[in-house]
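Visitor: Residues per chain are reported as follows:
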Amino acid sequence: MNKKKINLMPWIFNSPYIIYSLVFLFLPLGWALWLSVTDWNLMSPKYNVVKLGNFIKLFTDEKVHAAFWNSLRYLVPIVILCFVLGVGIALLVSRLPEKLKGFAAVVFFIPYLTSGVSTSVMVKYLFSYNSAFSTFLRERLNLNINWLQSDMAFGIIIFMIIWKMAGYYALFVLSGIESVSEDVYEAAMLDGCTGIKKLIHITMPMILPTLTSVVVLAAGLSFQIFSEPFLLTGGGPSLSTTTWQLEIYNASFVRFQSGYGAAMAIANAVQIFVVIQGITWVMNKLSRKFGW
Amino acid sequence: MKKKVKVSTVIICIVTLVLMLISLFPYYYMVLQSFLPWNMVDKALVPKVVSLDSYRYLLGGNAAGAKDALKWIRALMNSFLVSIPTAAVSMWVGLMTGYATTHMQYKGKSIIYSSLLFQMFFPVIILLVPRYMLIRPLANHYLGMILPLVISIWGIFMYINYFKTVPSTVFEAAKIDGASDMKILMLIALPSTKSISIIVFLSVFMTRWNELMWDMLVAPDVKMQTLNVMISTQFNQNSTLPGPMYAASVMLTLPVIILFLCFSKYFKEGINFMLK
Numbered sequence: 001m002n003k004k005k006i007n008l009m010p011w012i013f014n015s016p017y018i019i020y021s022l023v024f025l026f027l028p029l030g031w032a033l034w035l036s037v038t039d040w041n042l043m044s045p046k047y048n049v050v051k052l053g054n055f056i057k058l059f060t061d062e063k064v065h066a067a068f069w070n071s072l073r074y075l076v077p078i079v080i081l082c083f084v085l086g087v088g089i090a091l092l093v094s095r096l097p098e099k100l101k102g103f104a105a106v107v108f109f110i111p112y113l114t115s116g117v118s119t120s121v122m123v124k125y126l127f128s129y130n131s132a133f134s135t136f137l138r139e140r141l142n143l144n145i146n147w148l149q150s151d152m153a154f155g156i157i158i159f160m161i162i163w164k165m166a167g168y169y170a171l172f173v174l175s176g177i178e179s180v181s182e183d184v185y186e187a188a189m190l191d192g193c194t195g196i197k198k199l200i201h202i203t204m205p206m207i208l209p210t211l212t213s214v215v216v217l218a219a220g221l222s223f224q225i226f227s228e229p230f231l232l233t234g235g236g237p238s239l240s241t242t243t244w245q246l247e248i249y250n251a252s253f254v255r256f257q258s259g260y261g262a263a264m265a266i267a268n269a270v271q272i273f274v275v276i277q278g279i280t281w282v283m284n285k286l287s288r289k290f291g292w
Numbered sequence: 001m002k003k004k005v006k007v008s009t010v011i012i013c014i015v016t017l018v019l020m021l022i023s024l025f026p027y028y029y030m031v032l033q034s035f036l037p038w039n040m041v042d043k044a045l046v047p048k049v050v051s052l053d054s055y056r057y058l059l060g061g062n063a064a065g066a067k068d069a070l071k072w073i074r075a076l077m078n079s080f081l082v083s084i085p086t087a088a089v090s091m092w093v094g095l096m097t098g099y100a101t102t103h104m105q106y107k108g109k110s111i112i113y114s115s116l117l118f119q120m121f122f123p124v125i126i127l128l129v130p131r132y133m134l135i136r137p138l139a140n141h142y143l144g145m146i147l148p149l150v151i152s153i154w155g156i157f158m159y160i161n162y163f164k165t166v167p168s169t170v171f172e173a174a175k176i177d178g179a180s181d182m183k184i185l186m187l188i189a190l191p192s193t194k195s196i197s198i199i200v201f202l203s204v205f206m207t208r209w210n211e212l213m214w215d216m217l218v219a220p221d222v223k224m225q226t227l228n229v230m231i232s233t234q235f236n237q238n239s240t241l242p243g244p245m246y247a248a249s250v251m252l253t254l255p256v257i258i259l260f261l262c263f264s265k266y267f268k269e270g271i272n273f274m275l276k
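Heads up: the sequence lines are chains A and B, in that order. 100 is the number that this note's numbering gives to position 100 of the first sequence; each next residue is one higher, with no gaps. 186 is the number that this note's numbering gives to position 186 of the second sequence; each next residue is one higher, with no gaps.
Wrong hints could be hidden among the right ones.
Cβ-Cβ distance ranges computed for the label pairs, FRET-style [to be verified]:
1) B:Lys43 - A:Glu178: 41 to 47 Å
2) B:Asp177 - A:Val180: 58 to 64 Å
3) B:Ser110 - A:Gly195: 45 to 51 Å
4) B:Trp38 - A:Lys101: 56 to 62 Å
5) B:Lys48 - A:Leu143: 25 to 31 Å
6) A:Val180 - B:Trp38: 51 to 57 Å
Facing chain A, a subset of chain B residues (Cβ under 10 Å, in silico) [claimed, not checked]:
7) Ile73
8) Met77
9) Phe80
10) Leu81
11) Lys223
12) Tyr246
13) Phe267
14) Asn272
Keep in mind the hints are simulated off the structure, nothing from the lab. Owing to the predicted nature of the structure, the values given are computational and were not obtained by experimental measurement. For every residue, glycine included, the Cβ atom is placed at its ideal position computed from N, Cα and C.
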């Protein structure tokens, strides 16, 4: 009897999580799988089962093509720039005098706290026709550029995301660098390994697990872009800035093709899974080759 | 030798300073413009005249906003009313589940752990439409906004990673002394997780505060909109009022930044658990 009572406590501790995941994960997951084979329109009680029709339609939908390729177009610069800037900032901060380190880390972390909404409305205003910036370009330099409906829009969104995320990843790299023991550096120094050589042969390999996490996190991030294209460009010009999240939202709640939206979300999940697995595989290979 | 070190340190300090200025400039600009009189907005980079016009416009007392004078304050309150319970529940559930999956022995533990791992990497976007259907009866209600995002799997893993580093003898000793599991959780586990709890609370708070898509879907009523949603609807199309736009952005970002600055000393310890 006593034993039974003891065994109950773990389930009491776990119960909020269990209830939550049944109601808000497993139930909706089954529901989503069911929706993806229907043509349901979010409102009407009637719908037809279209079997794999939604999934076949995905292959010919230019919006899906755009979302698929754009997620990779976002991924490459975001991963590379977050990595380079993250490592760069971390190396700089790690060499600062002890007193300034904490302050600098906090400053670089602040952009991460900004809502994508506030940066988006400000950037949208900055590039709008009546803003001081556009007026200046028009009147002084005779330039009339519709920034957010030009090829620049993609670059602007990338820049906003990098500005927001680079400092955050730098903190991870910094904590990796700080955790490398002084002894290792001293030993390296005795062997005449300093400067760039020390960076490439000692520091980077030592923090490879951290670097792997940063790359995977940044890659995952590029599949979750929503606010910026939603508010700035609406996915345009000609779908060049659209993302999975935006297209799924539009299909489900704007065009009321909710069954189709569910199918899109599944396609998105498959792509995320494959890409993240691929990146993890490459990073693991790298760490077997260069890591400690 | 000493001099050489100093030169390189100075260079590093200067480069860091430049990067810091770049990363803070948008903030400086936003705060500055929000405090300028409307005819000066976007025309100055140094404050010469300070004016509260933009804030007065947002926070009522102005004829233009008289129709619904309180809507920005209400939106700010909505943001708090949604974010604080979410952060508190996430923290509490994270503590309980984290403790149960590391320092308690029972059948089915591995199932819980696998389920957690599955959810950690699960793309939530798949659940968007069904979650919306589930919650539609609670649309425009705080519960509907809070419930679907009330648990943070990331937060649970923060606690799991932390508890893994604590030797189980600590808790076993208390158990031998006759302490109940609840007592151990409250009196031993909770106090030792202080910095983890603070980080989980703040990070979940920040994520929830900045959520756009879900709040837009589930609370379209202007009375229920969070500040984030209200800024996106009010300042997305018409850009005739840049001053209030900057002021509203300050209102949106400042609470989160202040919270993080107050607790920033706990982050150094916590960040080590984020990547495990």
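Visitor: Run the structure past the numbered hints and jot down the numbers of the failing ones, going up.
Guide: 2, 4, 7, 8, 9, 10 and 11
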